[in-house]
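S.K.: Chain by chain, the residues:
There are 2 protein chains.
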Amino acid sequence: MAATTVSNKRVILKRYVTGFPSEEDMDVVTAEAPLMAVPAGSTAVVVKNLYISCDPYMRNRMTRHEVPSYVADYVPGEVLTNYGVMKVISSGHPDFKAGDLVWGITGWEEYTMIDNPESLSKINHPDLPLSYYTGVLGLPGLTAYAGFFEICKPKKGDYVFISAASGAVGQIVGQLAKITGCYVIGSAGSDQKVNLLKTKFGFDDAFNYKKELDLDAALKRHFPEGIDIYFENVGGATLDAVLPNMRLRGRIAACGMISQYNLDNPDGVHNLFYIVTKRLRMEGFLVFDYNKMYHRFEEEMAAYLKERKITYVEDVVVGLDAAPAVLIGLFTGRNVGKQLVAVSQE
Amino acid sequence: MAATTVSNKRVILKRYVTGFPSEEDMDVVTAEAPLMAVPAGSTAVVVKNLYISCDPYMRNRMTRHEVPSYVADYVPGEVLTNYGVMKVISSGHPDFKAGDLVWGITGWEEYTMIDNPESLSKINHPDLPLSYYTGVLGLPGLTAYAGFFEICKPKKGDYVFISAASGAVGQIVGQLAKITGCYVIGSAGSDQKVNLLKTKFGFDDAFNYKKELDLDAALKRHFPEGIDIYFENVGGATLDAVLPNMRLRGRIAACGMISQYNLDNPDGVHNLFYIVTKRLRMEGFLVFDYNKMYHRFEEEMAAYLKERKITYVEDVVVGLDAAPAVLIGLFTGRNVGKQLVAVSQE
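Protein chains in written order, with the numbering used here: chain A, 16 to 361; chain B, 16 to 361.
Some hints here could point you the wrong way.
For each label pair, taking beta carbons as the anchor points, the in silico distance ranges come out as [as the list claims (entries may be wrong)]: (1) R349(B) to N306(A): 26 to 32 Å; (2) K226(A) to T347(B): 44 to 50 Å; (3) M308(B) to S37(A): 54 to 60 Å.
Derived from the structure by calculation, the hints contain no laboratory data. Computed from a predicted model, the values in this text were never measured in an experiment. Note that the Cβ used here is the ideal one computed from N, Cα and C, for glycine as well.
Input sequences plus hints: build the corresponding full structure.
M.R.: Set out below in structure tokens:
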């Protein structure tokens, strides 16, 4: 009997992106799925993709880099890849069997053959929403946890400022900061998001940066004593406004600079001399360097979620057809909370 | 018998400075000296100033700050102050007696009454040039030592780049880096200085940044493997060129940004996203925070100097009349080596 042909909807990069990305930079196509059973002798697994994560760092991968960047560039004509939550449907690997729920790097498509299943992690808390493994229990959660505790070195009573505070990472940083006993203010780009920060995530206060004519004045109003910790997600003008408002020996965890990702010529930051006079430490980090902390983090975060000490807001869009628009929406601030795409029902 | 009146030449700030300082912002005046003997009951000391230090950070003090800066602003009409080497001529303090050689904060004048002699340090190695206590054995030396070892955390084999490398601090950082087993390149603003770096201070190589049309290309040529440690003295365009050339987990010790001190609107730095992708740590520091290390540093540095493992080049100008021009010359790169003024013969 001939193998059944299964179709596989997928999102491919159509061309390298310069400047602001558009839907025309991607294509949603239907191809033939990979084999639904792993060939004999292979240690690959075949997965059905349930949720895929949409993250700002993907923009960087859509540009061709002459000097290799920290992650590989996407290739025109090939499927986009990123972290997702998947169900194993066929396995040649001793650690996995059909039916297992896993998370890790996969394709923006319905089915993916994964040649290196060692990169996948089992889902240890399937009683929590599976989609959380693209966010609060996945890399955004670990990003927040490692960035806040390892880079910011918070102390009780510290004044903490978070930009893009309602996003995938920011909302967790803010809640971890509250658990630590910090005073926490967040900025976001809509009143709805500001409201979320104050009412749902327990920030001490929040403001809509688009409504502030003078960011420096807004920060002085919210931090009359200055800022001990700035969790940097946006870069550019916000960083420039933060620097003069930092306290002595303040710490800036540079997690991302989303305001700069679509600019051919990044904005200039003028106030760096405050790094000297205020003895600031500004340190960049990438979550990939903290993979070893994952298991400890997963247990701690799962406990917080089950005890309702941390809450998580997701922006779930259904179906791969919407994926290109949703990815672009990250850069216009369309999403409220962690953006992801539900690819298939389990 | 009436007390003898002694005249006291002194450099005063005439007016607050904006933009590039000029000689007209200062005045050299002759006033009556303080009493040559400390009044009964006072714990002050009177010192004869032998050498005074000229440092770029003084520019910052010549501007009026609405928000207090990290050091007090100078006051128009009053004498400039900074570190110097002095001889005690009268003391009401039990720790000091006439004839003692000391260093610490004093006035830009011939004689100074110092009300808080606790701020002064004895000179423990008078067999070395006394003027060294304004430089290699004083705060510039401690700046280099603390900044390099405490902030840069060097390892043998690290690739080290130093800007303003022939200056008071840079020349010491470079030699400490060589002692540590690093590969060291410096930039400076004249061929004479570049020659000094290569022949006198033992840098592996050096370049004249004014002759490089493309700083990025110059850095790529000198550091094909990238930079582990950047000792930042200049800021602005140099920092922007350094950032893409840093290696993963590189460290930037932000000691000063002399290129920016006379600008009303500091230059923009555009390449800060490399702090994220390369996981860089950029940390500012001020030497005042490392005073506790001074004694250990003094002994170690004095030993290096006596063993000729470290050499030091000074630019000594004689007489307070030249002091205003000499201070301004720091910002045009006039000085070769550590700038100081010899006020009086001992």
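S.K.: Hints first: check each against the structure and report whether it holds.
M.R.: Hint-by-hint comparison with the structure:
no. : hint                           : verdict
1   : R349(B) to N306(A): 26 to 32 Å : 53 Å, violated
2   : K226(A) to T347(B): 44 to 50 Å : 45 Å, holds
3   : M308(B) to S37(A): 54 to 60 Å  : 56 Å, holds
Violation of the numbered hints given earlier is confined to hint 1; every other hint is satisfied by the structure.
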